[in-house]
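Student: The residues making up each chain are set out below.
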Amino acid sequence: MIDTLRLTAEEALGLLERNDVSPGELWDAYRAAIDERDEELHCYLTLSDGPDGEGVPIALKDVIGTKGVETTAGSKILEGYVPVFDSTVAARVKEAGLPLLGKTNTDEFAMGSSTENSAYGPSHNPWDPTRVPGGSGGGSAAAVAGGLAPWALGSDTGGSIKQPAALCGIVGLRPTYGTVSRYGIVAFASSLDQVGPTTKTVRDCALLYRVIAGRDPLDSTTAEIPQVKLPEAEDLKGVRVGVPRELNEAEGIEPGVREAVERTIELCRELGAEVGETSLPRSVDYGLPCYYLIAPAEASSNLARYDGVRYGLRVSNGGYHGMVEHTRDGGFGDEPKRRIMLGAYALSAGYYEAFYGQAQKVRTVIADEHRAAFEDFDVLVSATSPTVAFPLGAKSQDPLAMYLSDLLTIPSCMAGLPGLSIPCGLSDGLPVGLQIVGRQFAENTLFRVGHALEKAIGFDYVPERLR
Amino acid sequence: MKWEPVIGLEIHVHLKTRTKMFCGCTAEYGAPENTRTCPVCLAHPGALPVPNEQAIAWSVKLGLALGCRIADRALFHRKHYFYPDLPKGYQISQYDAPLCLEGRFVVPGADGDHEIGITRAHLEEDAAKTVHVGGAGGRIGGSDYSLVDFNRGGTPLVEIVTEPDLRSAEEARRFLQLLRQTIVELGISDAEMEKGTLRADANVSVREAGETGYRTRTEIKNMNSFSFIARGIEAEIERQIAVWESGGEIVQQTYDFDPGSGALTARRTKEEADDYRYLPEPDLVPVEPPAELVERLRAEVPELPGARVRRLEGGLDFETASGLVTSGRDRLYEALVAAGADPRAAANVVMNQLAGAGVDPDAVDAAELAKLIEARESIPRGVLAEAIAASGEPGFSAERYLGEAAVTDVSELDPIIDRVLAENESQVALYRGGKEGLLGYFVGAVMRETHGKANPKVVNERVREKLGA
Chain A
0 MIDTLRLTAE
10 EALGLLERND
20 VSPGELWDAY
30 RAAIDERDEE
40 LHCYLTLSDG
50 PDGEGVPIAL
60 KDVIGTKGVE
70 TTAGSKILEG
80 YVPVFDSTVA
90 ARVKEAGLPL
100 LGKTNTDEFA
110 MGSSTENSAY
120 GPSHNPWDPT
130 RVPGGSGGGS
140 AAAVAGGLAP
150 WALGSDTGGS
160 IKQPAALCGI
170 VGLRPTYGTV
180 SRYGIVAFAS
190 SLDQVGPTTK
200 TVRDCALLYR
210 VIAGRDPLDS
220 TTAEIPQVKL
230 PEAEDLKGVR
240 VGVPRELNEA
250 EGIEPGVREA
260 VERTIELCRE
270 LGAEVGETSL
280 PRSVDYGLPC
290 YYLIAPAEAS
300 SNLARYDGVR
310 YGLRVSNGGY
320 HGMVEHTRDG
330 GFGDEPKRRI
340 MLGAYALSAG
350 YYEAFYGQAQ
360 KVRTVIADEH
370 RAAFEDFDVL
380 VSATSPTVAF
390 PLGAKSQDPL
400 AMYLSDLLTI
410 PSCMAGLPGL
420 SIPCGLSDGL
430 PVGLQIVGRQ
440 FAENTLFRVG
450 HALEKAIGFD
460 YVPERLR
Chain B
0 MKWEPVIGLE
10 IHVHLKTRTK
20 MFCGCTAEYG
30 APENTRTCPV
40 CLAHPGALPV
50 PNEQAIAWSV
60 KLGLALGCRI
70 ADRALFHRKH
80 YFYPDLPKGY
90 QISQYDAPLC
100 LEGRFVVPGA
110 DGDHEIGITR
120 AHLEEDAAKT
130 VHVGGAGGRI
140 GGSDYSLVDF
150 NRGGTPLVEI
160 VTEPDLRSAE
170 EARRFLQLLR
180 QTIVELGISD
190 AEMEKGTLRA
200 DANVSVREAG
210 ETGYRTRTEI
220 KNMNSFSFIA
230 RGIEAEIERQ
240 IAVWESGGEI
250 VQQTYDFDPG
260 SGALTARRTK
270 EEADDYRYLP
280 EPDLVPVEPP
290 AELVERLRAE
300 VPELPGARVR
310 RLEGGLDFET
320 ASGLVTSGRD
330 RLYEALVAAG
340 ADPRAAANVV
350 MNQLAGAGVD
360 PDAVDAAELA
370 KLIEARESIP
380 RGVLAEAIAA
390 SGEPGFSAER
400 YLGEAAVTDV
410 SELDPIIDRV
420 LAENESQVAL
430 YRGGKEGLLG
440 YFVGAVMRET
450 HGKANPKVVN
460 ERVREKLGA
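Going down the list, the sequences are from chains A and B. Throughout the first sequence, residue numbering follows numbering that gives the first Met the number 0, covering 0 to 466 in sequence. Throughout the second sequence, residue numbering follows numbering that gives the first Met the number 0, covering 0 to 468 in sequence.
These are calculated hints, taken from the structure and not from any lab test. Any given hint could be a false lead.
Pairs of lysine-lysine, BS3-like flavour, derived with a Cα cap of 27 Å [unchecked claim]:
#1 A:Lys66 to A:Lys93
#2 B:Lys15 to B:Lys1
#3 A:Lys454 to A:Lys228
#4 A:Lys360 to A:Lys75
#5 A:Lys360 to B:Lys434
#6 B:Lys78 to A:Lys336
These figures come from a predicted structure and were not determined experimentally.
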């Protein structure tokens with residue numbers, strides 16, 4: 000009997016290697032779990048017909064283009080769109096023999112922090128189905144936490160991997176910008192989008208990162224990466240852990256979240272790390288506002304291709320311009336429309352310098368601040384999300400409150416830095432995530448720190464109500 | 000009142016790279032519709048551009064030929080607008096950080112050299128081709144439906160923008176001809192206006208002589224040959240002068256030139272100004288041409304046509320020198336002169352006879368053709384024409400034709416001349432009565448009798464002598 004709630008991907012790999020289970024049995028176990036719980040959790044938008052590989056199955060967020068498998072990005076405008084090509088990550092996953100379980104739910108075009116912006120309805124948190132799983136990659140996170148997939152890929156623009164991982168009590172890595180190809184990923188904000196793993200353990204995360212990372216000639220912004228090392232060490236000797244004041248004292252951090260994070264910082268000391276306070280004065284104050292200029296500006300551009308001419312939804316009405324207008328009006332939900340308007344405004348003649356141009360300059364300031372902090376520290380830690388999973392509907396009518404969910408994840412995204420979220424405890428019976436940010440291309444350091452803490456914390460990633 | 004035209008050009012050059020600007024699709028003309036497409040040039044979700052290195056190198060080369068500074072760090076930008084021929088909803092182009100800038104291009108004129116400033120030359124992708132079916136005038140508004148062929152979409156284009164330094168329609172035409180010749184010699188484009196691989200729009204204004212500022216300009220589009228461009232600009236200059244002189248004002252406006260009627264038709268004005276919402280292209284890294292590459296390309300730039308016109312002017316008049324260069328025949332001309340041919344005769348043969356016979360100047364053995372040119376006086380005209388027509392053939396030798404020297408032997412010609420004069424007694428009387436223009440008539444008759452083999456110079460002298468007797 001395979002317990003998909005508990006089995007890690009690494010363990011599953013072991014079962015296959017030792018022929019303890021067949022690839023078909025493993026696949027069937029996850030399909031059975033999906034049949035059992037996906038009606039409640041609504042993690043998947045599309046399910047595969049059968050396994051197309053002999054490895055550990057995987058779920059992909061629905062912004063990841065998959066040849067021959069519908070890819071909607073959670074939007075009506077792409078309903079029925081079946082890519083004619085694989086994204087590079089989908090191809091690498093396929094090449095590694097990992098069969099596709101299905102495509103997971105996401106906020107429309109990855110714009111959101113709860114999956115409530117999905118045109119196909121929200122996903123639910125396996126710890127408490129009345130609460131959100133986070134977003135935008137809530138479908139992938141809920142699938143892994145709920146035992147509906149051994150591991151999954153998400154995409155992160157301002158926190159869409161890390162925040163849902165935190166809210167669902169699992170591990171999520173947003174890699175360094177440029178380490179994982181964006182080719183075939185439905186674009187939201189190109190200078191920020193990055194694909195990464197959502198897994199139960201840090202070692203699973205490193206294993207999956209190893210499969211997908213590395214330079215891709217089809218994505219000019221990718222780079223060669225250092226060899227990925229699976230973490231072994233269970234101490235933190237020689238590691239300098241920085242605690243940025245502004246990230247840890249920001250307004251809106253729930254007391255239970257703060258306590259869990261503080262306990263974990265203390266644990267770092269016990270594991271032999273050198274812990275010190277540091278400061279990112281402008282990153283937190285200006286990170287979010289600047290993100291909400293840059294990301295919508297790029298989104299307004301990236302979403303211009305959905306015009307009804309070549310694929311996806313077409314609403315014919317009043318000639319070419321009428322068709323474009325009605326297609327976009329009918330196809331996009333409120334959040335993409337909001338961001339398209341914000342972004343188009345920020346790019347318009349006469350406003351560019353004041354908005355987009357200025358935000359880009361601030362982005363350089365944020366990167367410089369982080370660089371300075373990394374002169375004294377190897378990693379920077381804080382809570383991933385200021386809150387634990389919130390009830391469905393709690394913030395969906397208040398975009399600004401929703402945007403604040405990403406307050407702590409956005410600064411390092413703006414700086415292009417890698418960030419790992421690991422579960423570090425519970426608050427009111429709901430998981431709290433610790434964010435560990437590293438230098439560019441320092442994923443191995445994140446894996447080492449994450450793994451040592453994971454072992455010491457001993458967090459049980461199986462949701463209490465499902466144990 | 001003396002009016003001075005002020006003209007600037009915007010030129011688009013289609014590079015003849017094997018593949019498109021940002022994807023691996025082959026860039027070719029005439030392929031069946033939508034067969035040279037892929038997710039990138041159809042803008043499928045997630046598809047990303049990868050720049051064509053060849054296109055970048057060729058643009059740098061063209062920039063160097065235009066005397067431009069090559070940017071250390073150039074950027075691609077997204078230029079946004081909605082149109083069915085633009086699948087991404089934006090064109091990848093360059094904006095405030097182009098690849099080539101601040102150049103100058105010399106246009107020689109009969110009155111000296113004119114330096115035309117090159118504002119910039121940048122790289123961009125072309126749009127797809129649309130056909131609007133039904134409705135009025137092939138426009139999108141009011142048509143029943145539109146069809147798009149994406150084969151052309153994403154092919155590489157260089158846009159060259161000049162300063163408003165051109166001062167006549169004729170100079171604009173000459174600039175374009177020299178530019179075209181430069182591009183062809185660089186081997187980066189066919190640059191054929193008829194095929195649309197070279198397109199030019201003109202910005203035109205006029206001002207009173209001595210005035211230093213610029214007046215409102217208009218843009219003329221849709222001129223697909225050198226002479227249409229000259230005529231279109233000329234027509235617009237005349238129109239503007241007439242407007243100013245009648246106390247009117249020029250309105251900033253775009254016109255289409257109809258070469259059939261010579262008419263300029265104003266395009267519909269838009270209600271709002273275009274706002275392209277330029278955005279630095281986040282999918283591409285900055286273009287930073289390595290210094291070694293730039294220097295290597297600089298060494299590959301041939302001597303520019305403008306300089307060659309000046310050099311040829313030593314032995315020829317400006318028009319001929321200019322004609323030789325812009326038709327790409329000056330290298331053969333120079334080889335002929337180097338082989339000993341008389342410059343004027345060589346220019347005449349190259350520009351008229353060789354061109355008339357459709358001989359490829361690059362296929363001609365200059366040494367052999369030079370022999371023919373030197374002996375042209377003594378070879379029968381028909382034979383010379385035949386020889387010139389054959390001069391581009393492989394292994395062509397002048398020897399055979401030189402053997403057929405014209406008949407100059409007076410003892411052979413005299414009886415024929417006598418017979419012709421005897422048969423035309425009345426004309427002879429008229430000539431002797433003062434109508435000396437009839438000389439050519441007798442010479443022509445003798446040439447016919449000898450089937451063109453007589454030396455016309457000798458016949459001429461002999462006929463004149465006999466008639467004068």
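Student: Run the distance test for Lys360 of chain A versus Lys75 of chain A: straight-line Cα separation, threshold 27 Å.
Tutor: violated (35 Å)
Student: Straight-line Cα separation of Lys454 of chain A and Lys228 of chain A no greater than 27 Å?
Tutor: Distance ~17 Å between Lys454 of chain A and Lys228 of chain A Cα, so the pair holds.
Student: Given the proposed pairing of Lys360 of chain A with Lys434 of chain B, does the C-alpha separation stay at or below 27 Å?
Tutor: The hint is violated at about 91 Å.
Student: Is it true that the CA of Lys78 of chain B sits at most 27 Å from the CA of Lys336 of chain A?
Tutor: Roughly 20 Å between the alpha carbons, so the hint for Lys78 of chain B and Lys336 of chain A holds.
Student: Taking only the CA atoms, is the gap from Lys66 of chain A to Lys93 of chain A under or equal to 27 Å?
Tutor: Given that 27 Å is the threshold and the Cα spacing comes to 11 Å, the pair holds.
Student: Taken at face value, is the distance from the CA of Lys1 of chain B to the CA of Lys15 of chain B at most 27 Å?
Tutor: Violated - the C-alpha atoms of Lys1 of chain B and Lys15 of chain B are around 44 Å apart, more than 27 Å.
In the structure shown, a violation is registered for the earlier hints numbered 2, 4, 5, in ascending order.
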